Amino acid sequence: MAVFNAGPDQVIVVYETAERDELRRKGLTTEFLQSIADDAARRAAEGFAIVAYDSLETAGYGTSGGIVFNTGDEHPLDIAVTVVYARRPAG
Numbered sequence: 001m002a003v004f005n006a007g008p009d010q011v012i013v014v015y016e017t018a019e020r021d022e023l024r025r026k027g028l029t030t031e032f033l034q035s036i037a038d039d040a041a042r043r044a045a046e047g048f049a050i051v052a053y054d055s056l057e058t059a060g061y062g063t064s065g066g067i068v069f070n071t072g073d074e075h076p077l078d079i080a081v082t083v084v085y086a087r088r089p090a091g
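The opening position of the sequence shown corresponds to residue 1 in this note's numbering, with each subsequent residue numbered one higher.
Any given hint could be a false lead.
[Unchecked claim] Estimated spans, in silico, between C-beta atoms of each pair:
(1) E31 / A90: 32 to 42 Å
(2) T58 / A90: 32 to 42 Å
(3) A6 / A90: 12 to 22 Å
I should point out that these hints are in silico values taken from the structure, not numbers from a laboratory.
No experiment lies behind these values; they were computed from the predicted model shown.
Using N, Cα and C, we set each Cβ at its ideal position, and we do this for glycine too.
Please put together the full structure from these sequences, using the hints given.
Below you can see the structure in the form of structure tokens.
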């Protein structure tokens with residue numbers, strides 16, 4: 001997980017399915033999604049709420065034709081999920 005402060009009341013967090021030091025690829029698993037939810041709950045207790053999120057395939061495999069011609073022969077291996085959290089207004 002990489003955390004980037006984006007102003008006094010906002011933070012950008014990038015969660016990745018594969019650790020840099022591991023060879024094993026995990027893909028999008030229930031455990032991965034639960035780890036994001038757990039971190040979001042921890043941040044909510046600190047006054048932050050999710051305001052935006054997106055995902056990006058960071059590694060995959062398939063034939064070159066499947067990738068170039070979008071035939072569906074490509075399969076994601078690693079995914080990064082980016083979440084923007086902002087502090088909720090007091091009150």
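Quick rundown of the hints versus the structure:
no. : hint                  : verdict
1   : E31 / A90: 32 to 42 Å : holds (34 Å)
2   : T58 / A90: 32 to 42 Å : holds (37 Å)
3   : A6 / A90: 12 to 22 Å  : holds (19 Å)
Hint compliance for this structure: every hint is met.
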